[in-house]
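Asker: Residues per chain, in single letters:
2 protein chains.
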Amino acid sequence: MNIPQSDYPRIVIVGGGFAGIALAKKLKNKPVQVVLLDKHNYHTFQPLLYQVATGGLEAGSIAYPIRKVVHEYKNFYFRLCHVNEINTKSNKIIADIGELRYDYLVIATGSKTNYFGNKEIERNSIAMKTIPQSLNIRSLILENFEQALLTDDEFERNALINFVLVGGGPTGVELAGALAEMKNAILQKDYPDLDISKMQINLIQSGDRILNTMSEKSSAAAEKYLKNLGVNVLKNIRVTSYDGRTISTNTGVVLETATLIWTAGVQGAIVNGLPASSLMEKVERIKVNEYNQVLGFPNIFAIGDIAMMTTEEFPQGHPMVAQPAIQQGKLLGENIIRFIQKQEMKPFHYNDKGSMATIGRNKAVVDLPNYHFHGVFAWFVWMFVHLFSLIGFKNKAVVFLNWLYNYIRFDREGRLIVRPYKKKSFTSFTFDEI
Amino acid sequence: MNIPQSDYPRIVIVGGGFAGIALAKKLKNKPVQVVLLDKHNYHTFQPLLYQVATGGLEAGSIAYPIRKVVHEYKNFYFRLCHVNEINTKSNKIIADIGELRYDYLVIATGSKTNYFGNKEIERNSIAMKTIPQSLNIRSLILENFEQALLTDDEFERNALINFVLVGGGPTGVELAGALAEMKNAILQKDYPDLDISKMQINLIQSGDRILNTMSEKSSAAAEKYLKNLGVNVLKNIRVTSYDGRTISTNTGVVLETATLIWTAGVQGAIVNGLPASSLMEKVERIKVNEYNQVLGFPNIFAIGDIAMMTTEEFPQGHPMVAQPAIQQGKLLGENIIRFIQKQEMKPFHYNDKGSMATIGRNKAVVDLPNYHFHGVFAWFVWMFVHLFSLIGFKNKAVVFLNWLYNYIRFDREGRLIVRPYKKKSFTSFTFDEI
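Each protein sequence line maps, in turn, to chains X and Y. Under numbering that gives the first Met the number 0, the residue at position 317 of the first sequence is numbered 316, and the numbers go up by one with no gaps. Under numbering that gives the first Met the number 0, the residue at position 73 of the second sequence is numbered 72, and the numbers go up by one with no gaps.
Please note: incorrect hints may appear among the correct ones.
Below 30 Å or equal to it, Euclidean Cα-Cα: the simulated DSSO-like pairs (lysine-lysine) are [to be verified]: (1) 38(X) x 25(Y); (2) 188(Y) x 25(X); (3) 88(Y) x 188(X); (4) 88(Y) x 25(Y).
Derived DEER-like restraints, expressed as beta-carbon distance ranges [unchecked claim]: (5) 406(Y) x 244(X): 49 to 55 Å; (6) 192(X) x 392(Y): 24 to 30 Å; (7) 154(Y) x 83(X): 25 to 31 Å; (8) 30(Y) x 419(X): 57 to 63 Å; (9) 239(X) x 30(Y): 51 to 57 Å; (10) 402(Y) x 376(X): 51 to 57 Å; (11) 280(Y) x 271(X): 44 to 50 Å.
For the record, the hints were derived by calculation from the structure and aren't laboratory data. Don't be surprised by glycine CBs; every beta carbon is placed ideally from N, CA and C.
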């Protein structure tokens, strides 16, 4: 990998998400050599991916070049690569661009979509965890509409403009709301020769309420907002199969659709090489102690979504969202220096600042630790928090201007099919000659 | 294609570039049915493609959804498709989504890259005529730098960061200038572990001056600007071959490079079905009369780059740039209605408003019909003209803000490798273990 030798100990960080970047910032100009690895050359602000998918924001506005974050840091190296394996015996990571020895390793690889072993759904659905996936969803929505124009078969046309989202967490809820606004404000105008009232947005939730990590009050408010926007919220239903055309469920409900967007679960994005005893089954997260040290490996740490730190308050580990990742990254930045200097480390305590979700224009739900509210003010709070969490002045300014423009004009201009999404052909058209 | 029958005559426009959009706007709510076809669902503002390629602007800022241009027009249909053939006997076009009868056909398919028959160069080089191509160049520049970090072989590393642009027209000149600014302001900071002074930008021109459609004064000024920015301008040289690694030329000059960007020529993007007698050989443009009517076909018109209208002043046809396309589109909008109503059409006269090119920060050259100037003021004129030529308020605002930010901060934030460019592997690395 062409990383020079250094007199300082080498810390290798795998992953430039919320946790990895928070850690990297803390290690700026400290007496260590840091090597940051990621498969993308940018940091993704995942909470706004759904706005890229629905054309409200450009990809560049919610991503930030990692090299720009770290370019002034001394003794700091970034490499764009896929890490395939960890060799804990020789203290090396093995990547597609070569091997690298570490003194300390930090695994911050985040999470990936969990299909719960259903390969058919994995093959036929589309997820929304990365920028390329969001752009694929954007293209797919528009391509479906272009296709729907071409068919005389009503059944087929309706399936093309039926969007089914599986998973009633924040991602599914926010995407459903944005799709509904896209339907009402944009698609209606852009496709005057289609009957847009036939466009369906179905949100399927396995449990008895959406946003089930939030308060019941917020769940109820969010569901009401979605219904008012025209989204069908289907609860207590599990999707059992999807062949690219027909969704079957455990209750007998059947949906015909060309598009299933799967947001129903996440699991840790583990790297090969750790023993099974260090991993939590099913969720694929790495067991760590209160210092984010991987059990059995004092010089290996895991932070963020991938880390499973069980406490009395969080027997299932911390929620797989940005805040615990950022807080763990920051603390580890201090702890790893302490550890190297043989000082005592500080245990991690999660400071839960609350959670929130937006459903659309003037509509959001916010749960603070002791207070729940929703409506216009909640929506302003949501915008304010997300705007100020973005990295970089220009991204903040561009996102703010886009939101202002979209709000005033009821518009979303990001509707270019720049990277057509290659999907197995849903249908073969009969070409009418007129 | 599911276009309804209409009592009005049907005009089919193939292509939503400058000419096609100018025509479409003129036909708004006229007593005709209009069907606009394009292979993209957006209009591209080609003069700024080089800024997308070098990370100064996002793709969405220089493209505009075609459906948004026409969504309020009555009796107007857009279809996303590739047109494969024209059948002039049955008055039909044959596309990948079906066939369509026309009463009047307007070919506005523009131009494509001309490799002058050299298949090897076509295979190994990259062009910059479309947004996807610009994004590919952007990814390629960054991917080359990431690769260059990984090799110990100096020869290989230098080839990876040697950028060769063939063609000294506005596209080559503007891209060379932007690359030089990227080198000085960005790449130097982003790749502190590379010796950026080894990065080369070579601009190869076959003739004895660059910008040879502009005044000699402007050519000289542009060349001086480029040299001051560190670009090697090589004149009177023709590239004869490029195998993906080594460029050979007619003068014996040999260049080793992983990247050849070809901007040395354009030709008409003709559609099959017109007889050879209607076409101008080599340049592949369609011969038209002074009303843009295709010779031999009274109900077929061609406008913009694809149209070859020879006049005393323009014996080789009009320049293949935006202005003649826009002017022809506008005039044809009036003429085609006159033609349908059996009135006399007006002949086309090109109003040459001048030409300009920018080389970088504070550096541009402008040729007005009777006056040539360059420098800071020329650069402001260039920015003003390009800003106000963009379609849509938001694109104007976003581009303006980006330029302001880039100017103040010497920055270009669009450096995400979102769509990795798959190139035949230039090299195989030896993986060093440290």
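Asker: Would you mind marking each hint as holding or not holding in the structure?
Answerer: Each hint tested on the structure:
Proximity of residue 38(X) to residue 25(Y) is assessed by CA-CA distance (about 48 Å); at most 30 Å being required, the pair is judged violated. Our distance criterion of 30 Å between C-alpha atoms is met by residue 188(Y) and residue 25(X), whose separation comes to about 20 Å. Proximity of residue 88(Y) to residue 188(X) is assessed by CA-CA distance (about 36 Å); at most 30 Å being required, the pair is judged violated. Proximity of residue 88(Y) to residue 25(Y) is assessed by CA-CA distance (about 28 Å); at most 30 Å being required, the pair is judged to hold.
In this structure the supplied range 49 to 55 Å holds for residue 406(Y) paired with residue 244(X), their Cβ-Cβ distance being about 52 Å. With their beta carbons about 26 Å apart, residue 192(X) and residue 392(Y) fall inside the hinted range of 24 to 30 Å. Taking the beta carbon of each, residue 154(Y) and residue 83(X) are about 29 Å apart, inside 25 to 31 Å as hinted. A beta carbon spacing of about 36 Å between residue 30(Y) and residue 419(X) contradicts the range 57 to 63 Å that was offered as a hint.
Checked against the hint of 51 to 57 Å, the C-beta distance between residue 239(X) and residue 30(Y) comes to roughly 55 Å, which is consistent with it. Judged by the Cβ atoms, the range 51 to 57 Å given for residue 402(Y) and residue 376(X) is violated: they are separated by roughly 36 Å. A hinted range of 44 to 50 Å is violated for the C-beta pair residue 280(Y) and residue 271(X), which are about 60 Å apart.
In this structure, the hints that do not hold are numbers 1, 3, 8, 10 and 11, in rising order.
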